Structures are given as C-alpha cells and as structure tokens.
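Start from the sequences and build out the full structure, keeping to the hints where you can.
These protein sequence lines map, in sequence, to chains A and B.
The opening position of the first sequence corresponds to residue 57 in the working numbering, with each subsequent residue numbered one higher.
The opening position of the second sequence corresponds to residue 57 in the working numbering, with each subsequent residue numbered one higher.
Check before you lean on any hint, since a few could be wrong.
[As the list claims (entries may be wrong)] Residues from chain B shown here face chain A by an in silico Cβ test under 10 Å; the list is partial:
no.	residue
1	Leu256
2	Pro276
3	Arg279
4	Leu474
5	Leu501
6	Gln504
7	Met511
Just so you know, the hints here were simulated from the structure itself, not pulled from any lab data.
Quick caveat, the model's predicted, so the values are computed rather than measured.
C-beta: ideal position from N, C-alpha, C; glycine also.
There are 2 protein chains.
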Amino acid sequence: MTMTDNNTKNYRIIFEGLLPEERLHFDEEALTNHSVDETEGLSFMPGVVAEPISVDEVSNLLKAANDNKIPVTAAGARTGLSGGALPVHGGLALSMRKMNKIIEIDEKNHQAIIEPGVITEVLQNTVESKNLFYAVDPASKGSCTLGGNLAENSGGPRAVKYGVTKDWVLNLQVVLADGQIIETGANTLKNSTGYNLTGLMVGSEGTLGIITRATLKLLPLPRFRALMWVPFKSISDACKTVSEIFHAGVMPSALELMERDALLMAQDFTGNYELQLDPQNEAYLLIEVDGFEEASLMPQCERVMPVLERNNAGEVLFAQTASEQEKLWYLRRRIGEAVKAVSIYKEEDTVVPRGCLPELLDSIKRIGEEYGFRTICYGHAGDGNLHVNILKDEMSEEVWAEQIPEAIREIFKKVVQLGGTLSGEHGIGYVQKNYMDIAISHHNLLIQRGIKKVMDPNGILNPGKMFPQLPHETM
Amino acid sequence: MTMTDNNTKNYRIIFEGLLPEERLHFDEEALTNHSVDETEGLSFMPGVVAEPISVDEVSNLLKAANDNKIPVTAAGARTGLSGGALPVHGGLALSMRKMNKIIEIDEKNHQAIIEPGVITEVLQNTVESKNLFYAVDPASKGSCTLGGNLAENSGGPRAVKYGVTKDWVLNLQVVLADGQIIETGANTLKNSTGYNLTGLMVGSEGTLGIITRATLKLLPLPRFRALMWVPFKSISDACKTVSEIFHAGVMPSALELMERDALLMAQDFTGNYELQLDPQNEAYLLIEVDGFEEASLMPQCERVMPVLERNNAGEVLFAQTASEQEKLWYLRRRIGEAVKAVSIYKEEDTVVPRGCLPELLDSIKRIGEEYGFRTICYGHAGDGNLHVNILKDEMSEEVWAEQIPEAIREIFKKVVQLGGTLSGEHGIGYVQKNYMDIAISHHNLLIQRGIKKVMDPNGILNPGKMFPQLPHETM
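Next up, the structure:
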C-alpha cells in the first residue's frame, strides 16, 4: 500500500452517493481534524472523512474503498496514544462516532449490545443505573469510545481484578475489507465453536475489519469501595509490596504506582496542592478494594496492612466515601496531561510480570542516565503495566530524533528479557511498529501477516500500522 | 487431505530415528489405543503413534510429517467428547502425554509454566499447596490433560465465576505445521502487541499448531466454600432462579442444573441412594459460593435465599464442610458415566444466554417427543451451557442413524435462534462439524478456512475436524 495522493476528485466520484452529503466531508477543517489523535507530534491528512450511521453504510464504503484500493482508517474519539487512528497513507478516515447507540441492555442475561461510537463512560453510567457493571475504565473513559477500546484492547486501573477489553466481549459484528458482514461469535458466556475470531478482532487495531456492533458482558455492580493511599520512601519497596498483596489473598480492584515526580507534576498542572507529598517519599501506591457489601471491605484492608508494614510503608490514608476517594484519584488521573504540559515526550506502555517491576524501573532509570533524559513512570503496577514517559526537556532535536529510538529499543529489550512485551493496553499502532521485532519473532510475524492477508487481501485497512516497516515500504 | 492408507512401511522410513524406538509405536495395541477417545461409537486407526518428550522432538516430527503430507492428530488423555483426538485420516497420532512437566510455579507473579501433558487436577493440587488457584475444572479433571483443555477451550462448573481455559492463558509455545517454533504472546497479564495468537490457538482443536508449553495465570486461593442443594417442583422455576441469582448481586462459583432423571440415573449407576429425591421435584440446582474468608460466605447465601423463595424452591440443603460438599457434588459428577451405562447416546454441548434456558429446555423436550427419544439434560446453568444427552434406548439403528441428525439440527437451530451456539466447552471436533453451517456464516467460515491455510498450508494438522465436510471431500 503506497497510495497517499489523496486524489479528492477521484474520491468524490467513488464515495459520493454512498452517504448523505452532510456526513461525507472533503473540506479542509474536517480533514485536518481527522489528521491527528492524542499521540504527540504526528499528523497525516486523509482525503475524505465519512461518518456512517449503519452497518450497511460501512459495508458500502468498504466495498468501494476495496474495489479502488483506497486506504481506510477507522477512528473513534481519537484519544489513542499509539497513533492507531492516524491515516498515515491518507485515503478514507472512517469516523465511527455517529454509530453511538446503546442498542440493548439485556438485564436478564447481563449483556449490553452497543455500537462502537458509544463513549465508554456513557455505557458505564447507563448500566450502573441498572445495578450492573462494565469494568473496563481507561484513563480517557469520559471521552474515548468503546470501538477504540475494542481496537486497542484497552485496559485501565480495574484491569488488575477485572481484565482488559477482550475479557468483556462475547460477540462482534464486523465488516470485512470487501464489505461482507460477519458475526464473530455468539451472545454466550462460553463458546468452543470454531476459531475465536472475536478474540482475534479485539486488539487488531482496525487492520482486520471494522467493528460495527459488540455484545459485552456485564457483572452485578460491586457497590462498595475502599481506597488506600500509601507512601514509600523506596520505590523498590513499593514495587515489592505489589506482588505481596496478592499473596495475602487480596484481589485489589486497582493497584496503581506513581513516582513522586509524576505527582508533583500533576499538582503543578492542576494547582491542587491539598495532598502533602513528603520529599522523603519516592513513590506512592493507590490500593482499591471493592465488594457487594460494605462489610466485605475491612477484611480486605486488614489483610493488606501487614504487607504494607513489612515493606516500610509510611502513614496510610484511608478513603471510604466517594468524594474522599475522588480526591485521591484526581491527581493520578491528571498525570498524563501534566506530563504533556511540561515537555515534549514519548510514552511507552511497557508491561512485565508484576514481580519484575523493581528491575524494570532500575533499568529505565539507568538507561535514562546513560542517554541523558528524565523519565516519569506511573501506571497499573498490579498487572505489571508501567507507563514510561521520556521527557525531551532541553535535549536538542537531533539527539531526540536520533538517540532516543535507540534508548527505547534498550528499554524494550529489557522488558522482553523480563518476560514482558511492548504494549499492555495502548496498542502498537504507528509509533511502536518498528520495535515489533524485539518482541515478536520472524515466524510469528509471518503468521500475523498471513492472517492480515486473508482478511484484507488488498491491504486497505489501516495500512502502515502494527507491522514493522519492510525495506521496500515507504513510510 | 485424503491420505488414509497408513502405509506403515513408509512411516517407518519417515519417522524412525526422530524418536528413540521405545517412544515410536507401530504395534497393533498402541495403534488401537489411539484409535478412540471418549466420544461414543467412533474409532479410526492411526498409522504410527509417537510420544515426544521435548519441543525439538515435536518440531522434527511435524517437519517430517509436513514434508511428506502425513496427517498429524495430537492427543492428550483422550477424554474428549467431540472426537477431537481421533485420527480420522490415519497418519501420525501425536501423544503429548509424556510432556507432562510442571516447569515452574512462579509464586511471585502467580503464574504456572506447564507442558501440555500435565493432568489438570495435578496442576490444581500443586498450586493449592502453595495457596494458589487454577480455576478451570472440567468434569474429567482427574484424567484430562491441560493440553486437551487448551485445544478444546474447556470449561467446567467454576467457569461461571472464573471463566474458561482461554481466560487463564497468558502465553503459549507452539510448533507450527512446518516445524517452526513460536511464542504466541508474553508472560504478562495484559498484552496489546500484535494479533492475539494466544486466543486464536486456544480452542483451535489441534488444527493450527501443536501447543508444547503454556504460561497460565493463577489466583490467590479462595479457601472457603459453601454449597446449597435446592429442589424445584418446576424446572422452569429452577431456570428462572439462575438468572435472578446474579441480579441479587451474587457471583456464584458454581451454578449447576440437573433434571431429576439425571440424578436417578446417577443413583442407579453409583448405588448411592443417600440423597432423597422427592418424585415431585423436577429439577435441582447446586449453588456454590466461595471466598477468601469464611465470614464472606453467609452474606452471599443470604442474598440467594429470597431468590429461591420467590421462585418456589423446596427445602434447601446447606453444606459447609468439604465432606458434606463432596457428597452433593458426587452425584452431579457421575451423571455423564451414568448416562453412558444406560443407553447408546449422543451428547450435545448447547450454550445460550442463560435467561433463555427455560425456552431451550421446552424446545428440546418438544423435539424429543416429536422424534420419539428421551433426553437427559444437565449442566452449567450459570453460563447457559446445557449438556443434552439424547438416548437411543429401544430406537432402531435405522431411525437412530437417519432421523436423529435431523433432530439435532432442529435443536441447534433453536439454540442459534436464542443467541447461542453449538458448543460451550467440548469443541466441534468430528461429531459436530457438519452442523457448523447453522451457527457460522459462509463468509465467517471462509475467514476461518483462510487462517487454517496460512498456518497449515498442507492441511496436515488434525484434518477432518471442525470444518463442515465439503462436497468433494471423503469422510
């Protein structure tokens, strides 16, 4: 796929009539809007933006694109951090935002049937009003769409107890590259009927088909939560604590790690200094437990306490009311934006077995010193998923462009050596694709490319993503 | 793939030297042993049986088979009920039983690394001794292997709370058809790095590659369990209860439904009549709850009780000690064997959204009356997974052979109409493959066949399984 000319005249001929005029855009503003997502410093113009509202419209658009070998890049709210929604080869930007109906909340079977443009938090609030629970809560839940979550296999703080997006999907309606419409599974909790195409589609980053409907599993709502805010003088003690909490027979509903610098940045960014951060404390854990009744919370906290003492934790702050808890989550949730405000940066979404976090952190800091950059580390320590923000600060453009990719390569090599991999929940997209060789062997990649070819023979779906660039490919 | 001649002389030339003599069998006894599994009434002779003990041996065997286009059917303990391990085209029966090492229990990260020949219960007991938990518990757990569980995506009673095999697999080592060895993922709880080949392999029934090692997720062990044995005059009330229990904010660790006839058969089979079965009761539920502390059990039972009352349950039997619980599970676990002892039968592994169980049961009984057969129904009602045993009783061979497939087709059509599918946990294997068209559309099947072709271009891996027979194919 090398077509990037965005021949608008041609595109008008090909796509006009497939959608009403007001949902097919060729104007500069719409194209510019769809040239970016939340990945820093990247922009690629599409040639046309389409906003379908039905599976048949998606099917017709894909058939036309496939017949004419025009790249198709699906997008939701474009909150992604790996460039998955960027139309790097131009072509059709397929906005799924207007397919945003919650089709059914099936209370009898604890299932929700949704279109991909539904905002994650909208689904959460809707099902909570019926005493049900959709657990996946990426940091951007207030703006991101379920379609994007499905494409990238998104996680979030609760993944440590409740799993990531893939663990909540029973069935998908998918439009294939040639416009054919399939269902990948059934609306059942178990399924051993043919290959697990549902699981294959989730996390495939828009490269295998376009998801137009999903059946999601729901749980009874755990109404009660308790939150602990725990300071540590040593970040390595904080990491050690993470593993030991599970040993104590506790399944926390969140277990987050933050470096002090990450919190300081969040305080400066928000102007909220309510929480005192003792300069002696290197790191903090946020430990949340939940349950169907209030009485189930204290026994869990009581099992956590001896682990904290054993690992030299400082004074623990308990938050039992929703508003106290919100205050503690507030800074954690602002770290991403805060880093963005401080410096040009690159964010890596490393993931290792959680017991290896101390060693990973040591290596990251060592590599940072070697190459001369600061890192801000935080993330979902309970599942070993550490977001590593590499700050440009005063580094020259040249060093930033030439040496940092080498440093990232070193970090990823360490990650893989520890049994981990490149991305826990952000996806590979555009920005990590040329590191894939570190984690995925040649023969595995051949299989992945083969599957891609079966499902998208013309390579129209989100070209330029996930797979390492081949020598003959243009960027 | 039509090769079925089992040219032993040829096979000797091809395979000898790849394994020591004592693990490569051409004798009648070994071949006959590997001609059957637990699927009733089927037998297919392989031409050679190999028992590798290392990934390199598996790789060498596959390379040789692939170069010579010889069918390869992997087998574990051959406890499967869909004929997945039957060498229906002859060739190489690849016994994975001797690859039975628990390579590592990683207590720090709550992971187990195992070879496929490990008996499921052996892993469970091993990790429980370290206060850890591997939750998947198929009825045959005492004899089945983890490799078989992975191939068929096995479930069991606890799946309702803890999920099926696929939910416990982090990473696989797989030998591809041409002998290449890949890892499908990483040893991490989250992974958004390329396509989910781990999920694709689980449940692929030995048709895409041979699993030689798996990294499985473990949980802290929930030490405490309470069990309720609940009679119902009306099976439809029992089914309704199932849905409502979840609404009450309870996540039972098992929720099993048994028809009275199933229990009567199990009593006759075991000679154990300790449990009184009132002839007025049509059905029984087994409801189990678990927790990390004893105090967490009663509140769960208390939330279940009003649901039982509302749905006209009879007197509830509580079992809190392990030995009392074992007595109640005993009959449930013997039903499968009991049915086998009574009559020739066919077992279907239907699964629907759990709220649709009453309608499914009604339809099954109606179809049974129409075609003149008895059914014994029981299974994992909590996840809508109903095992339907169709008894031959006194039916003539002719009617059995000609009319029953039509009746099964009717049952499956109803299942799909209810949002369900053909198999919840047994797999499609050999016996259900010609019903696949009911649940899986033509275009979906084309994708599945395409993936099969990418991973196994010569079609040597478990040929004759899962995919509906094409007009030009021999059986």
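These are the hints, each one checked on the structure:
1. This hint holds: Leu256 (chain B) has a C-beta 5 Å from the nearest C-beta of chain A, less than the 10 Å allowed.
2. Hint status for Pro276 (chain B): holds, given a least beta-carbon distance of 4 Å to chain A, under 10 Å.
3. A hinted interface residue such as Arg279 (chain B) counts as satisfied when its beta carbon comes closer than 10 Å to some beta carbon of chain A; here the least separation is about 8 Å, so the hint holds.
4. Given hint, Leu474 (chain B) at the interface with chain A, holds; its Cβ is 9 Å from that chain's nearest Cβ, closer than 10 Å.
5. Of the supplied interface hints, the one on Leu501 (chain B) holds, with its beta-carbon coming within about 8 Å of a beta-carbon of chain A, less than 10 Å.
6. Restraint check, Gln504 (chain B) versus chain A: the minimum CB separation of about 5 Å is within 10 Å; hint holds.
7. Taken as an interface hint, Met511 (chain B) checks out: its beta carbon lies about 6 Å from the nearest beta carbon of chain A, inside 10 Å.
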